[in-house]
Every structure is written in C-alpha cells, then in structure tokens.
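Protein sequences, first through last, are from chains A and B.
The first sequence maps to residues 1 to 298 in my numbering.
The second sequence maps to residues 1 to 487 in my numbering.
Hints should not be assumed to be uniformly reliable.
[As the list claims (entries may be wrong)] One side of the interface only, derived from the structure: several residues of chain B facing chain A at Cβ under 10 Å:
1. Ile59
2. His74
3. Leu78
4. Phe79
5. Glu116
6. Pro389
7. Asp392
These are computed hints drawn from the structure, not numbers from a lab.
What you are looking at is a predicted structure, and each value in this text was computed from that prediction instead of being measured.
The beta carbon of each residue, even a glycine, is placed where N, CA and C say it ideally should be.
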Amino acid sequence: MTEGRIVAGALAPHPPHLIYAENPPQNEPTAECGWEGLRWGYERMRADVAATKPDVLIVHSPHWQTYVGTHLLGVPHFKSLSVDPIFPNLFRYSYEMNVDVELAEAIHDEAVDAGLEMKMMRNPDFRVDYGTIVSCHLTRPAWDLPIVSISSNRSASYYGVEVMQEMAAALGNATRKAVEKLGKRAALLSSSSLSHRHFTSESEIPEDMSMEHVSSHALYLWDMQMIDMIKKGQTRQMIDIMPEFITQSISEMDAGSFAWLMAAMEYPEEPGEVYAYGTVIGTGNAVAGWYPKGALAR
Amino acid sequence: MSHPVLKGLIVPGLPHPLLTPEANPGYGRLRDAFEKARKEIAASDADVLIVYSTMWPSIIGHQIQARPEPEWVHVDELFHDLGSIPYKFRMDTELAKELRDCAEARALTARTIDYEGFPIDTGSVVALKMLNPNNELPAVILSSNVYSDRSETVVLGKSVVDALKAQNKKAVVVVVMTLSNRLFTKFIKPEEDRIHSDKDDEWNRKVLEFLGEGRLEDVAQLSREIHKQIRIPKVVNFKSMWWLSAVMGAHNDYAGEVLAYEALHGTGGAVVSLTPSVSKVGDKEYDEGDVEVFGGERSVLGSVETPAVSKAKATPASATTTTSTTQVERAGAASVHEVPAGEPGGALRTNAAPKPVGAYPHARRVGDLLYLSGVGPRQAADDSIPGGPIHDKQGNKLDYDIYLQTKAVIGNVKSVLEASGSTLENVLDVTVFLVDMDRDFEGFNRAYTEAFQGVGAARTTIAVRALPTPIAVEFKVLAAAGTATVG
Numbered sequence: 001m002t003e004g005r006i007v008a009g010a011l012a013p014h015p016p017h018l019i020y021a022e023n024p025p026q027n028e029p030t031a032e033c034g035w036e037g038l039r040w041g042y043e044r045m046r047a048d049v050a051a052t053k054p055d056v057l058i059v060h061s062p063h064w065q066t067y068v069g070t071h072l073l074g075v076p077h078f079k080s081l082s083v084d085p086i087f088p089n090l091f092r093y094s095y096e097m098n099v100d101v102e103l104a105e106a107i108h109d110e111a112v113d114a115g116l117e118m119k120m121m122r123n124p125d126f127r128v129d130y131g132t133i134v135s136c137h138l139t140r141p142a143w144d145l146p147i148v149s150i151s152s153n154r155s156a157s158y159y160g161v162e163v164m165q166e167m168a169a170a171l172g173n174a175t176r177k178a179v180e181k182l183g184k185r186a187a188l189l190s191s192s193s194l195s196h197r198h199f200t201s202e203s204e205i206p207e208d209m210s211m212e213h214v215s216s217h218a219l220y221l222w223d224m225q226m227i228d229m230i231k232k233g234q235t236r237q238m239i240d241i242m243p244e245f246i247t248q249s250i251s252e253m254d255a256g257s258f259a260w261l262m263a264a265m266e267y268p269e270e271p272g273e274v275y276a277y278g279t280v281i282g283t284g285n286a287v288a289g290w291y292p293k294g295a296l297a298r
Numbered sequence: 001m002s003h004p005v006l007k008g009l010i011v012p013g014l015p016h017p018l019l020t021p022e023a024n025p026g027y028g029r030l031r032d033a034f035e036k037a038r039k040e041i042a043a044s045d046a047d048v049l050i051v052y053s054t055m056w057p058s059i060i061g062h063q064i065q066a067r068p069e070p071e072w073v074h075v076d077e078l079f080h081d082l083g084s085i086p087y088k089f090r091m092d093t094e095l096a097k098e099l100r101d102c103a104e105a106r107a108l109t110a111r112t113i114d115y116e117g118f119p120i121d122t123g124s125v126v127a128l129k130m131l132n133p134n135n136e137l138p139a140v141i142l143s144s145n146v147y148s149d150r151s152e153t154v155v156l157g158k159s160v161v162d163a164l165k166a167q168n169k170k171a172v173v174v175v176v177m178t179l180s181n182r183l184f185t186k187f188i189k190p191e192e193d194r195i196h197s198d199k200d201d202e203w204n205r206k207v208l209e210f211l212g213e214g215r216l217e218d219v220a221q222l223s224r225e226i227h228k229q230i231r232i233p234k235v236v237n238f239k240s241m242w243w244l245s246a247v248m249g250a251h252n253d254y255a256g257e258v259l260a261y262e263a264l265h266g267t268g269g270a271v272v273s274l275t276p277s278v279s280k281v282g283d284k285e286y287d288e289g290d291v292e293v294f295g296g297e298r299s300v301l302g303s304v305e306t307p308a309v310s311k312a313k314a315t316p317a318s319a320t321t322t323t324s325t326t327q328v329e330r331a332g333a334a335s336v337h338e339v340p341a342g343e344p345g346g347a348l349r350t351n352a353a354p355k356p357v358g359a360y361p362h363a364r365r366v367g368d369l370l371y372l373s374g375v376g377p378r379q380a381a382d383d384s385i386p387g388g389p390i391h392d393k394q395g396n397k398l399d400y401d402i403y404l405q406t407k408a409v410i411g412n413v414k415s416v417l418e419a420s421g422s423t424l425e426n427v428l429d430v431t432v433f434l435v436d437m438d439r440d441f442e443g444f445n446r447a448y449t450e451a452f453q454g455v456g457a458a459r460t461t462i463a464v465r466a467l468p469t470p471i472a473v474e475f476k477v478l479a480a481a482g483t484a485t486v487g
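Working from the sequences, and respecting the hints, build out all of it.
Okay, here's the thing in structure tokens:
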C-alpha cells in the first residue's frame, strides 16, 4: 500500500453554465461560448490536479443538502440523467460514475468516531446532485477516477456558521484520516462559489457575456478580499471571517464545503493558486488550488 | 363565473406518510387525512389540481411544470432510506402556459418547464401520489421563488386566478409545506418522533386554530411572525400562506378543517382543508396592501427589455424604456421607488398612489417627459376621499371640503412623481378639472398656491359636469422626468 495523502485541494465552483458553455457530449443543450475566464482557469486547475496523480476525487457539495447528519454516496456505480432544477434550459447531463465506497465508508466511520451524525446512501435509484457532477466534470472530464461525494449538513441553518465550521472541520479531519489509512492519493474539491447573489432574471441567450457581471460592488469587494487571503495563504483568517463573509455575501459557503477543505488540508499557509475569477449569473466564482509540498511538480 | 378555486388544501411534503405509514401511528393518521382530502377532491367539481410546493425552490422567477406526463423514480435526498417513489403524472400543459402568460402580464418572471427527467421535488411527488393517485385530475405544479417577497407571492396567486378564469376552469389548490420546520438533527427511531419542542407545538396549534376557523388571510398576514417563531432559515421562507390566500380570495370566510396534525421527524405536518363559505369570521382589519402588479426588481441584468415585453409583444429593446429606478437594489425598490418595468413604453405604477379605475398606468415616461394619468384625491391605503365625497351611493349630494380634496390631489401627484423619480418642482403643465367652478375655485386655488408657489408650471382650469368617482377635483399633469433639467 502506498502512503495515503491528500495531494490536492481545490475550490471548484459548480455553475452548470460552465459545462453548458463547454459543450461536452454528455450535456444535451449546446452553447456558442461563455464564461471563458472561468473555464480556462478550470483547465489550468485540471492540469495541475492531474499532475498530482490522484486516484480518487472527494467532493463536498452544497447541493446535496441533508438536514439530518452528513451523508455519503454508498453505491458503487451510478448512471442517470441530471437536470438542473434552477437552470434546466442549459443543464441536462447524462452522467456515469464510479464511487469509491470503501473510502466513503472509511470517512463515515472516522466521522462517527469524531462524534458526527453520519449516514451512507445505499439507494441505487438516488440521483446524484448536480453540484457533485459539475465540480467533478470540470476537474476531471474523463470521469476516469472514482469519486466520493459528501453531502452538506445544514448545521448553519440550525445553529449558526461557527457551529457549522466546527462540524465541517471535524469532517475534514475525518476525511484526511480515512485517506491516510486507506493509502489513497486524494484530490479534494470544495464545490462552492464565493458571493452568491443571483440575478433573478436570465438573458435570452444565457451565454450572452454582455449581460454578465457581479451582482453588486459590495459583493465584488468581498470576493476580492477572500481571493487576496487565498493568495496570501491566510486560510485560518478566512475561516475566522467566514461568518461575516457568509452573511454579507449570501455565500453558499454556509454549506461547509470550504471549512471542510481547509481542515482536511490542515489550513495551508502557502499561497493558494488562484486560476480564475468570474461571475456566473451574478454570483462570484473563483477557481483555486492548494498543493501540499511535493505533491505538485511543475 | 364565480371564484374558480373550490377548495384549498395544506399538506406536508416529507415522504413518511407515503412510504412508511405503519412506522408511527402519526404517519398513519396523516396518510388517512390525505385519503380524506383525496375524497374531498373527488367529490368536488374541480377540473385541475394546482400544487404550490415550498420544496421546489426557484431563482429565475417562477417555474411551472408543463411536461405532459413527467415520469421518474424519485428518491428523497435526505430520507433516501425510506425507499424509492416511482411516479407518472398528468399535467395540464395548457393551463401551465396560460399561467405563465398571466404571471408575465402582472410583471412577474415566469417560465414553463418541459424537460425529460426534470427533478420534481419530494413534496409535489408525495402530494400528487396521495391526493391524485390515478391522475384523475390533471395537475399544475408551481415553484416557490427563493427571493420573492409578499407582494410577488400575492401577485403570483392572483395570476393563478387569472389563468383559471381565462380557461374557464375550476381548481383545488394544494400548498405543500410544513408548519414548524425544525427537524431533529440526529437520526431517530420512528416511534420516537414528536414535535421538536413545546414552543413549536404551541405555535403550530395556534396556526391550526386559525385555519380551523377558516381565518386564512389572518394566517397569511401573520406569516412573517410565524416564520420568525418556528422556522429555521432554509431555502424557502414561510410564504405559502400569502400565495394560498391570494389564490383563494384573501379573506377569512372559509369552512376550515384540520384533518390531521402530527410530527414528521420533529417538524409539524398537518393536512388542512379550506372551503369557501358564508362568513363565520368575516372581514378583518387588513394591514397590508393588496398588490395587483409586481413592482420589485427583476431587471438586474441591466437590460431595457423586460420579460413581459419581450415575450408578449416582442418589442425591440430600443423601443422600450425602463427608468433607472428599476435597477436600484431590491430593498430600495420596495420602499421608495415602487415603479415596475413590467409594462411597455415606460408605463409606471406605484402602490403609493390610489389604484387606477381603468386600464391605465399612473404615469408614462417618454424621453425626458412624464405624462401622469388624471389624479384625484382618493387615498391609496383605503380609497377614502379627504374632505369627503361629493355625493353618496344613491347620488344624494353631500357637503365636502374642496381645500382638503385639492391638498389630497397634490399629495397623490407628488407620490406618483416621486415614485417615477421626479418631484413636484419638475411639473411643467397642469390641467385642472372642477365639477363646480363657482363653489370651489377659491378653495382649490388656495391649496394649489400653497403647493405650487414658485414652481412656475403652466395651468389651465376647466369646469366639467362630473368625474368618474365622487370627487370634485382632478389634475392632469405633465412633468420633466427626474433626470431631465427644468429651466
């Protein structure tokens, strides 16, 4: 068995628009273009993550929302159709994926030992959430690696952001321990945007980039603040200001995806690689990566 | 036709009564209540079921399921261990499209959904499986918009009534919602299920007491308080009572029956039936406005073309005008500039002025000019006439105060101008109509002078035989728009 470790961690937002604009064969709608800055950034992140030679992707998704405990996919293989409930006009994606159930169960067990409420999802009819699908596709479009998909427990709704972060941190630590125990080389994906105020109307042509901009200057300033901290390696400080960031920018990081990633990677102090920033229907999105020493040789 | 909604139902959306009714006696009682509700629907004269689901959040306006026969095997994302739910439903596609058009006519953003595999939410699936198991009636499912506030939700409800009337159909409407929505955050055995706290239980029972008395509009007007007390902030707030009350006519005159109230993993799940009735409770003190047209922010893309314009009339963007006030932030739009961009040609409406008595807006902007429709003294809040009406309903003349009526007219003119981004100081020309020149000119002129001294607007005063409502004075105003320079 090789030495298990987390070889890469990425902020990997999940706007379905990016897949739509890419026109992969799995997606039925087609686009002329769109959101190139983010997509090109994803291409660079994709190459760097591939260079770390992971053997599994672990994704934490805000769009599998579980209000009772944290759940993990526990079926080895899924094949179905994902239709975005908000943007069905541009995302109708036929997916097929393998799940590393052994690793999922190991994360489950470690998290239970840490006192978290956990559940394995064993229903073969279950439809995988589009956040998981989009982040995984954009990171590894070949779908040649198994994945582990972790739901977002909505403890922020019940208790507040601080409690969510404590629980997400425990889950992150459990994830790292499981990866190490099983000798896996894991790339972790925090499937999350930054600011998250959508437009409430859509242009006639979704990929009309003349219509795309951040929802407000205030949200842009928050996004830049977070990106600046990523570039400076101030990840613990990011966690510290997360309650205010989430409140002020309506961020979906209340799902815990980012806190989970940072804890799993033990709060990297090296500057993160910011591959791209762009907006999608008003929301702020950054593609960024962190690579433990020696994991990425460029 | 009489009101097209024959009955309103409130049902919970969690899958336990459908999938594991035997696991807890309460789940079984909820299932029995669903069955009673099903029989009530069957005994009604309804043509269609309309479902508003709080478990289907939308962002881009309001989504309406319009696939003729959606089919899937559904699994709940949280309670997936309870089992799979295969379904095949029958939708009223024509009514769905009509509803979309009616919503757009009221300046809402709306779209129909017709895609294979679109994920119908658990709540809608449970409701239709239990209430309409053999697709006896076609259905329409409506999403619950994440950002919509009361006014938008009320307008959506009215759009449903418009659509039903347009197609001469009668409906039973179904709201899928929980009362208190706090789930246990740990897994529990079904036999351990109970309402999460006494506080939640007490509030649930109070809400159900109101509904049992048929006081739907009272519950609707308490929605924000209910949300504050017994709702944790999930994706969709407690807004369904606004919709239901608007669909059913916004009153308290229903025969209400609580068919069941039970715990579902800690939340409050109830099946309630509301049937329009001769008043048991009667009118109440309405303390919120009755909104006809959506006036909030929907033009965030910065486009001058609005959905209503683009779809209904396909007017080129360059031919339509949207004031900059439609692009202010949502809070500001609601409180100060309630001017929608939903009508063609720069038509403007505001809740701050009395409702028009015909098919016209409060004002219309063309270039740098604002043309106001005739403005009388009637008050926006309650239709009262300061200074008193000039005659009663039988036409008997009444004494009235022209000075106070004129002051009220000027107040309304000011409201329309300010909602349109302009001011009284920008008025260029006023035409005044008086029903009794000899009696009223002096009093009118005194009030006018107080307000318009120094404005420098041109003025013409004309005597007319009558005005459309029992008022003595009306102004027709032309003003410079707020961005234009006067003088």
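Hints versus structure:
Satisfaction of the interface hint for Ile59 (chain B) is found here, the shortest Cβ-Cβ separation to chain A being roughly 5 Å, below the 10 Å cut-off. The restraint placing His74 (chain B) at the interface with chain A holds, with a minimum CB-CB distance near 8 Å, inside the 10 Å limit. Contact between Leu78 (chain B) and chain A, as hinted, is supported at the beta carbon level, the nearest pair being about 5 Å apart and thus within 10 Å. Interface hint at Phe79 (chain B): satisfied, since its Cβ lies 8 Å from the closest Cβ of chain A, which is below the 10 Å cut-off.
Given hint, Glu116 (chain B) at the interface with chain A, holds; its Cβ is 7 Å from that chain's nearest Cβ, closer than 10 Å. The restraint placing Pro389 (chain B) at the interface with chain A is violated, with a minimum CB-CB distance near 42 Å, outside the 10 Å limit. Hint status for Asp392 (chain B): violated, given a least beta-carbon distance of 46 Å to chain A, over 10 Å.
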